[in-house]
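Peer 1: Now for the letters of each chain:
4 protein chains.
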Amino acid sequence: MASNSFGNIFKITTWGESHGKAIGVVIDGCPSGLEINASDINEALALRQPGRNPYTSPRYEEDKAEILSGVFQGKTTGAPISILIPNKDADPSKYEPIKDLLRPGHANYTYLEKYGIFDYRGGGRASARETACRVAAGAIAKKFLEYNGIKVMAYIKQMGSIIAGLDEVDLDSIRSLTYQSPVFCPDAEASSSMMALVEKTKAEGESVGGIIEFIALSVPVGLGDPVYEKLEANLAHAMMGIPATKGFEIGSGFQSATMTGSKHNDLFFKELEGVQTKSNHAGGVLGGISSGMPIIGRVAFKPTSSIMKPQSTLTTGGDEAIFELPKGSRHDPCVAIRAVPIVEAMLSLVLADALLLKRCMKL
Amino acid sequence: MASNSFGNIFKITTWGESHGKAIGVVIDGCPSGLEINASDINEALALRQPGRNPYTSPRYEEDKAEILSGVFQGKTTGAPISILIPNKDADPSKYEPIKDLLRPGHANYTYLEKYGIFDYRGGGRASARETACRVAAGAIAKKFLEYNGIKVMAYIKQMGSIIAGLDEVDLDSIRSLTYQSPVFCPDAEASSSMMALVEKTKAEGESVGGIIEFIALSVPVGLGDPVYEKLEANLAHAMMGIPATKGFEIGSGFQSATMTGSKHNDLFFKELEGVQTKSNHAGGVLGGISSGMPIIGRVAFKPTSSIMKPQSTLTTGGDEAIFELPKGSRHDPCVAIRAVPIVEAMLSLVLADALLLKRCMKL
Amino acid sequence: MASNSFGNIFKITTWGESHGKAIGVVIDGCPSGLEINASDINEALALRQPGRNPYTSPRYEEDKAEILSGVFQGKTTGAPISILIPNKDADPSKYEPIKDLLRPGHANYTYLEKYGIFDYRGGGRASARETACRVAAGAIAKKFLEYNGIKVMAYIKQMGSIIAGLDEVDLDSIRSLTYQSPVFCPDAEASSSMMALVEKTKAEGESVGGIIEFIALSVPVGLGDPVYEKLEANLAHAMMGIPATKGFEIGSGFQSATMTGSKHNDLFFKELEGVQTKSNHAGGVLGGISSGMPIIGRVAFKPTSSIMKPQSTLTTGGDEAIFELPKGSRHDPCVAIRAVPIVEAMLSLVLADALLLKRCMKL
Amino acid sequence: MASNSFGNIFKITTWGESHGKAIGVVIDGCPSGLEINASDINEALALRQPGRNPYTSPRYEEDKAEILSGVFQGKTTGAPISILIPNKDADPSKYEPIKDLLRPGHANYTYLEKYGIFDYRGGGRASARETACRVAAGAIAKKFLEYNGIKVMAYIKQMGSIIAGLDEVDLDSIRSLTYQSPVFCPDAEASSSMMALVEKTKAEGESVGGIIEFIALSVPVGLGDPVYEKLEANLAHAMMGIPATKGFEIGSGFQSATMTGSKHNDLFFKELEGVQTKSNHAGGVLGGISSGMPIIGRVAFKPTSSIMKPQSTLTTGGDEAIFELPKGSRHDPCVAIRAVPIVEAMLSLVLADALLLKRCMKL
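Protein chains in written order, with the working numbering: chain A, 1 to 363; chain B, 1 to 363; chain C, 1 to 363; chain D, 1 to 363.
Please note that a few of the clues may not be correct.
Unchecked claim - Straight-line distance between alpha carbons at most 27 Å, and here's what the computed DSSO-like set of lysine-lysine pairs gives:
1. B:Lys-64 to C:Lys-64
2. B:Lys-94 to C:Lys-75
3. B:Lys-64 to A:Lys-278
4. D:Lys-327 to A:Lys-21
5. A:Lys-270 to A:Lys-75
6. A:Lys-362 to C:Lys-143
7. B:Lys-88 to B:Lys-202
8. B:Lys-358 to D:Lys-358
9. B:Lys-263 to A:Lys-99
10. A:Lys-151 to C:Lys-94
11. B:Lys-21 to C:Lys-21
12. C:Lys-99 to A:Lys-362
13. C:Lys-99 to D:Lys-263
14. D:Lys-358 to B:Lys-151
15. C:Lys-309 to D:Lys-270
16. D:Lys-358 to D:Lys-200
17. B:Lys-99 to C:Lys-75
18. D:Lys-143 to A:Lys-88
19. B:Lys-362 to A:Lys-99
20. A:Lys-270 to B:Lys-99
21. D:Lys-21 to D:Lys-88
22. D:Lys-327 to D:Lys-21
Hints were generated in silico from the structure; no laboratory data involved.
My request is simple: use the sequences and hints to build the entire structure.
Peer 2: Here it is as structure tokens:
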């Protein structure tokens, strides 16, 4: 229901197919008075653009967002902010040869069954192209968070079996290290290994999965709501709506299954800046409400469904067939890389919404 | 926002504190004509009741639900169904000694900060007591699913490092095997090991975490909505709103990070009953929409926060203190066990809602 | 959708049929820290109770609300407030004789067509009995408004062709005058005429319609949201959801059709207390947002559908029949009288919600 | 909340200011398979365009809608439909001289107070320009209704004290008669009088109010939901969100206040085509649910706030001032005329949403 909208007070609605004229997003509920300009958005968009380096898809989108409403004299007015991003590099003709095939790992089968019609040019609405709109909206949410002193970040924590080590990295420097790495991994050594893995994977016509970690710092106590709108529940909802995600965890996550209570419980103590906990297995939430500790969690991404190898499948009519990507198709060996700014955007949107809702809780 | 409600068309609202007079749930949007009686609900409630066997908390609630509205001559009328469950075994006096302490792993700190007031009798609204209402509502959702031929189930997949093996178990017999096991694990061998682990953990005054797997069978193609209301996103939202959860995954989950595309992609083929896939790494969803394959996923639970060991903490005033559960406190060494029917309930609620929304998608 | 809920942040969900065991309401989103007790609610309920004087229905309900959750040590905690009102004086047997007849002016035909089933005991869910829950919830919203200095009131402005004159009545004394009148009309002379009209109408087995005027004073500038959530749109939504309503107007209302712009425009001037307008044809809203002037509007109620005269109708099977109320049926000759506290309640709910939402609009 | 969205399943979100680059609407939840093209929308837009005849504002917009997404091969796909309408004839410079004045009858005062900033070019977001987006979306809703056999219409029922008589007009010919009249009144005689009134009003630099009546035919029984989402409540919400509206009524409306029950009750009888009522004071709804009789109601519009006469006012700084429209300003003497297609659009949106929701009510 209203499946193309996200959020309660700070609410977005996205639209557009991967190979249509344009895509866009309407942001409703952004507080008035926030300084915004197109470059804030375009800088964020640049980070998720394919083709920016050899480690992601060669489709070069060079997205330029246009703000059509809701900003006056450089500031938000409280009116809906409409952002439009033209689809410049869309060549739908190459999808003609595969339009009658069920694409392994893709959504055209389920869309066809659900709607009786599918815009087969690219992934249509199911394409990762839609996520550019999340990034554009997330850039505005992030400005609102920064105005409130909150910092957000995300990075590749794992690719295949390569795991980034961050124990010695200062939290405040993670974000800049991340975007210096072509594979968005702030651990230099792991970053090199991942680059090699991407190259090997690409050469084999294959793809590989990965895990993104996200962190929010300086989040005040009290964000998130009890029972069904717990902060981690809303984060899970947000992250599992990103294409290609298969898992979400907060704090200790799945590791908690093997822990004991005395190890897992984070003990309270007092710092100059207030109440803290000695460990952070909770990941910054207690009872669904932020505790003031860093919000930290992870999102698992499957290997890209589009690979350069032939795969057995069916036609939409039910006959056996071989699915092969058209010659010259773009191919993104690890979809998790480009998803880093998307995870950051979704994190920003959830926190901005929770920050506004918190204003309504007390007399 | 409206944080005590869940669902869109098939919508529930729960209320009540663990040590108040009663708890309850209002179900709005259940289709008319469904046969319902109190025993349907009470049977489900019996499964999550603590005290039913030595492996869960000795508080014996003996919940009896009363249906106060929405059912006439044994059938739902389309009006809201109000269910009330009295709190019989509530002794709030024992919470007096700890009312001024921050409880490690619990939510009283964050509630106090957010609301400026906390009902310290039991966990108040943050108590697992609230989940009885989810189970009551889930029992009705489950009847609606059964009417549509859909089966749902959940069980302990892992406790500590003990993992259940289910490769040789027929999917249709899992549910009955589950509820024959005192620890809700359908693998007899693992069940025995888990029982021993629970006893050992209890003897040590400790607690242990676990993982619940959930499955839905015979789900038609087309449930779930694109972009922000993907079926897996709504499942994640539902599951991560259950107390003590730390992670969610669907299909291959976090394992997908180490897989390649050619291994992960589920290839389409045709069976007598229609289109299927040779593997099910997707977990029954493609592009956020059910594919007709079994919906399968997992939820991670942290070890119970309440343990019988003393722990350092702070008073609500900020002074150092020792937190110790009052003598004779109930103690549930593995909260995941009782969460099995809760996971089943949330799965039912998500699917019932998606089944109704699907009716609106085509001309 | 979620048709038994009202509001966004300050949100209520009601349940219960007129002749079931009980009715009730869950209030979710009331800010924490508000002092509440059952007598606040019972005093409000007393005002709408039938049988309180000979001018309304003789069914004497003597409603006593029980607060089951959400209040601790006399204050709201931010948790959902569940209120239950038992149905004491419910005798469903008398509805047996008319259960297979379409009741003129009533909803049993449309409910039967929509749901395929109808709880024919009283009006089931369509009964005015449901409005007791609105009044209970409204009493809490009203306390929140009073905490913020806002005053609300409603009264009979017109019954049949008798129109109350209020030009010489001080706004602040209207509410107490209203509830001194058995027909809830603050104009003593009109009140007497209305009492006579009610008696005559009752003697004839007839019913009569009426118009309720509502006023809110000391409403700050800025409540209500542009475009689709204008304050007057939400008020209209609230009022037209009350049973038996046929019309809503704000400020000049339908009279505005015959006015010219120079007469209708309210001109701004400055008072000690700030910007005001010389007239208030707008009714306290400009562009859907409160202007600081009194919010004033009216709601039209049809004559009670239940009359003591025989009426031609159909059976549910489609045969011609005569509908007659069972001997000894309760009969409320002017439903608008009892609706006064209901209009006051809905006004309070809309303003409380708008007051909270306003907190989210600026940086 | 989400104040720029309307609807539940068939949901729209509008954006754009009167003098920005463009305005637009995103329609989410339109069922797949509906045939749509830009001319459907442009024909509807042409009806509300100012400047189409001398009786409305001379600003000639010549709106051309562009469909940017959600339609593939001429049919809706179930994806969000994004429609963009460029602002061609926008000259914001003329608003400079009045930017620091509170405009009588306008919203700039309340916007400034609420948001701290106001896009003073035209009415910004508060401008009637926004309603073009409602008309565009309504055109799609109307196609969906037509697919289901439902007809909708609206027309000027009253202007000043001139009242259209429609007793002898066939319901099916009303719509074509309406749009043949320059003042959208299907009664030829009243239409002439209204044209004279508009000319006189314009010559005097004045404006005049009006009443629009709306009708929906062949609406099946069962649309609308009990209690808070009654069909008339949602219609009232929809209509009172249109700029310049002051009142709403359904069926007998405010007249019902002076009627008796035996006159007001609509008696059931049986026709070949099913159950009907002998009169239709209810306006096609019983208990908030459509009864199969024509849906009929009225909306009151105040006289246009912009008049050509000088008016006393304040500056935004609080000083006394005279407000005068800039020379050459466009001036629409009766805003109700152009609102006819807007009322039709809102009626269509409410019914389309209710028609979809009805699918979820029964097993």
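Peer 1: Take the hints in turn and mark each one as holding or not.
Peer 2: For each hint, the structure was consulted:
| no. | hint | verdict |
| --- | --- | --- |
| 1 | B:Lys-64 to C:Lys-64 | holds (24 Å) |
| 2 | B:Lys-94 to C:Lys-75 | holds (22 Å) |
| 3 | B:Lys-64 to A:Lys-278 | violated (42 Å) |
| 4 | D:Lys-327 to A:Lys-21 | violated (41 Å) |
| 5 | A:Lys-270 to A:Lys-75 | violated (40 Å) |
| 6 | A:Lys-362 to C:Lys-143 | holds (14 Å) |
| 7 | B:Lys-88 to B:Lys-202 | holds (25 Å) |
| 8 | B:Lys-358 to D:Lys-358 | holds (13 Å) |
| 9 | B:Lys-263 to A:Lys-99 | holds (24 Å) |
| 10 | A:Lys-151 to C:Lys-94 | violated (66 Å) |
| 11 | B:Lys-21 to C:Lys-21 | holds (18 Å) |
| 12 | C:Lys-99 to A:Lys-362 | violated (48 Å) |
| 13 | C:Lys-99 to D:Lys-263 | holds (23 Å) |
| 14 | D:Lys-358 to B:Lys-151 | holds (26 Å) |
| 15 | C:Lys-309 to D:Lys-270 | holds (21 Å) |
| 16 | D:Lys-358 to D:Lys-200 | violated (48 Å) |
| 17 | B:Lys-99 to C:Lys-75 | holds (17 Å) |
| 18 | D:Lys-143 to A:Lys-88 | violated (32 Å) |
| 19 | B:Lys-362 to A:Lys-99 | holds (21 Å) |
| 20 | A:Lys-270 to B:Lys-99 | holds (19 Å) |
| 21 | D:Lys-21 to D:Lys-88 | holds (8 Å) |
| 22 | D:Lys-327 to D:Lys-21 | holds (24 Å) |
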